[in-house]
Amino acid sequence: MADRLITSAKELSNSEYFYGHRACAGCGGSLALRLAMKVLGPRIFVAIPANCMSATSFLHPQVAFSVNCMISPFPATGAVLSGIEAGARALGLKDYHVVGFAGDGGTADIGIQALSGAIDRGDRVIYVCYDNEAYMNTGIQKSGLTPYGSKTTTTPAGKNFPGATGRKKDMFEIVAAHGIEYAATASIGYPEDYLRKVSKAALCQSTSYIHVLAPCSTGWGFPVEETVEIAREAVDCGLWYLAEYENDEFVLNKMPKEFTPLEDYLLKQARFRHLKERDMEHIVHGRDKKWEKILKNWK
Amino acid sequence: MPGKKIFISGDEAVAEAVRMARPHVISAYPITPQTVTVERISDFVEDGSLKSEYLHVESEHSAMSAAIGAAAVGARTFTATSSQGLLYMAETLPYASGARFPIVMMNANRTVATPWALLSDHRDSLSQLDSGWMQVYCEDAQEAFDMILQAYRIAEDPRVMSPVMVNLDGFILTHTYEMVDLPDQEEVDAFLPPYRTENRMDLEEPRTVCYASLDEYMEFHMKQEFDMRKARAVIAEVDRDFGIRFGRQYGGLLEKYRCEDADAVIFTLGSVTGTVRSVIDSMRGNGYRVGLVKMRFVRPFPEDEVVDIAEKVKAIGVLDRDLSIGYEGIVFSNVSSSVLRACSAPAMVNYIGGLGGRNISKDNIQEMFLELLRAADGEKGKRVRFVNVGSEYDG
Ligand SMILES: Cc1ncc(C[n+]2csc(CCOP(=O)(O)OP(=O)(O)O)c2C)c(N)n1
Ligand code: SF4
Chain S
1409 MADRLITSAK ELSNSEYFYG HRACAGCGGS LALRLAMKVL GPRIFVAIPA NCMSATSFLH
1469 PQVAFSVNCM ISPFPATGAV LSGIEAGARA LGLKDYHVVG FAGDGGTADI GIQALSGAID
1529 RGDRVIYVCY DNEAYMNTGI QKSGLTPYGS KTTTTPAGKN FPGATGRKKD MFEIVAAHGI
1589 EYAATASIGY PEDYLRKVSK AALCQSTSYI HVLAPCSTGW GFPVEETVEI AREAVDCGLW
1649 YLAEYENDEF VLNKMPKEFT PLEDYLLKQA RFRHLKERDM EHIVHGRDKK WEKILKNWK
Chain V
8 MPGKKIFISG DEAVAEAVRM ARPHVISAYP ITPQTVTVER ISDFVEDGSL KSEYLHVESE
68 HSAMSAAIGA AAVGARTFTA TSSQGLLYMA ETLPYASGAR FPIVMMNANR TVATPWALLS
128 DHRDSLSQLD SGWMQVYCED AQEAFDMILQ AYRIAEDPRV MSPVMVNLDG FILTHTYEMV
188 DLPDQEEVDA FLPPYRTENR MDLEEPRTVC YASLDEYMEF HMKQEFDMRK ARAVIAEVDR
248 DFGIRFGRQY GGLLEKYRCE DADAVIFTLG SVTGTVRSVI DSMRGNGYRV GLVKMRFVRP
308 FPEDEVVDIA EKVKAIGVLD RDLSIGYEGI VFSNVSSSVL RACSAPAMVN YIGGLGGRNI
368 SKDNIQEMFL ELLRAADGEK GKRVRFVNVG SEYDG
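Line by line, the protein sequences are chains S and V. Residue 1409 is where the first sequence starts when you use the working numbering, and the numbers rise one by one after that. Residue 8 is where the second sequence starts when you use the working numbering, and the numbers rise one by one after that.
To be clear, the hints were calculated from the coordinates, so they are not data collected in a lab. Beta carbons are placed, not taken as given, at the ideal position from N, Cα and C, and that holds for glycine. All clues given are correct.
Covered stretches of chain V (in silico footprint by chain S; criterion: 3 or more residues with CB under 8 Å from a CB of chain S, positions within the stretch not fixed): (1) 22-35; (2) 70-77; (3) 80-92; (4) 205-212; (5) 215-222.
Quick list of in silico lysine to aspartate or glutamate cross-link-like pairs, EDC-like style, CA-CA up to 16 Å: (6) K321/V / E267/V; (7) K319/V / D384/V; (8) K1502/S / E211/V; (9) K1502/S / E212/V; (10) K389/V / E374/V; (11) K1502/S / D209/V; (12) K263/V / E318/V; (13) K11/V / E194/V; (14) K369/V / D288/V.
Among the chain V residues that face chain S by a calculated CB cut under 10 Å, a handful are: (15) K58; (16) S59; (17) Y61; (18) H63; (19) S66; (20) E98; (21) T99; (22) Y102; (23) A106; (24) F227.
Let the hints inform the model, and build the full structure from the sequences given.
Encoded structure:
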């Protein structure tokens, strides 16, 4: 039971609650789950919809969780979490957390309705979206959070298209627009910031949401030992940001003095390596516009 | 609350039964003609006479998913839907049954679009026959009330542990007022004790429910099938116990009406049963040897009972208020496959009627019986007939 803010890895439990899964080496998502459970566990109820994390960890009889855990229908993480919480409340259970881990597709596309419903009801559940920017479990297809220029198996890059042409949905702000008690973005490249946010979510009395960037070595195409570094760089180059929303206010947690070169971040990853100069310019333009808004409107 | 008799609709009867069954969690999304049920339940939660968590979900998919979440911690749950809503939640039905959660759901039978229509037939529920849910069909509001209580007992029985869908014909039952006998709460509590299960997540002994399985997938479903077979005996047992306690008994899987010496019988589901009963009474008065088989449960299927009937009659008509387009009525297919096991081969005719709420009159039913009696005498006719349509359409 997390009952105070955690700001350093030293404060974490040595117990492992997510162990022995079959995720790829270099999987950012599995790190996001492992760390969050260390903050919240062991008295937790976990729900995970169809995605890489459930596919690599729920295989009976080698289930990789030592805490209560269940698979949720792909579109329904928010609803399953609400149900668990309502059931636990009705049965008078005490001192526990209800937490869900859904991918970007399971959150921003097919699961957005159930997530919206859960926030609307205000059930005391923690919803963690681990964002690897595509449908990885089904073989790297484009999701609503795949950024511009990313090559996926359904947005191939070629003569006519530079990969994905859409704009990454602002899930954090969509969630905040519900007037949620607490929402935050994070990156597994900044683990202490992430831990603090998970522990803060655990203190909430109603729904909370954490959107953690979790690079995928397989889908993004980078060496497996670089996951954390890439996750850091995404923030440092300004394509991702660390922020919180509470009490009707957006707060920026990390204000980069200047962005690290965008090309460095992009060209390290096979999914972006095909990008032409004008695509890079498009991405820079998008980033700068976003930051203009952030700096104008957020604290 | 002491027992009483009150004048209520089928929807309200279901709500009253839910109040007495005391589920921990109710999650539902409105759809005509189920709405009155969830409105009454909401009233009961508001006035404190039902101490349940009521989740205002944003879709039927979420209604069932929330029920699954609640059942996963050991809560008794209820949801209700109809038609498009049932199809919208279809993905989640095998999740619930495969995880062996004894969720009880009311379905107000309504046809499915398109053509878009509001009135009743059984195309919605019968399309979900393979979802691992038990399905029972009610004839009147009293039976609907009684079956909600029985459904929990059957579903939660450790030998069964499977969900139940209680079906009521939209409008014909959901919106028609009848006198309904409400028992004493104490008697209900004695009939339906609090739900306790090991099949749940547990803070003291953490475990996984609803997982993935590759190697044992077949075995999981075989177990489900074997337990569903056991449900047949449990259904009969619960019906008998209910009869002893409350004085009303329904025959378990199916009810036979005036079948003793019948040459021809018609199989029905739901509210049309009452009309068939009265046609039988008047035809019997004129010496016709006709009878009724009211199918109550379609899953588990009353296999042995159907074989037994098939060995005693000369002609069987199955009145389907559904159609598996490209073949025949779904109930007819199911009945036929059991009839094949019988030592004799009665004539079989499938009557497709009442789609989208089309009336099935007493005259229609009398015509069916007369045709079946001719078939019993050896006259050959069509396998599938459409009821109450212009003759140019009937096949
Ligand atoms: C209703 C439904 N549609 C599609 C699928 C197939 N499916 C399973 S996992 C998945 C991708 C999940 O992507 P995401 O949520 O981004 O998580 P990731 O796999 O990237 O970790 C899809 C499309 C499904 N299981 N259920
Ligand atoms: S494909 Fe990506 S997200 Fe999926 S397990 Fe492998 S590294 Fe993790």
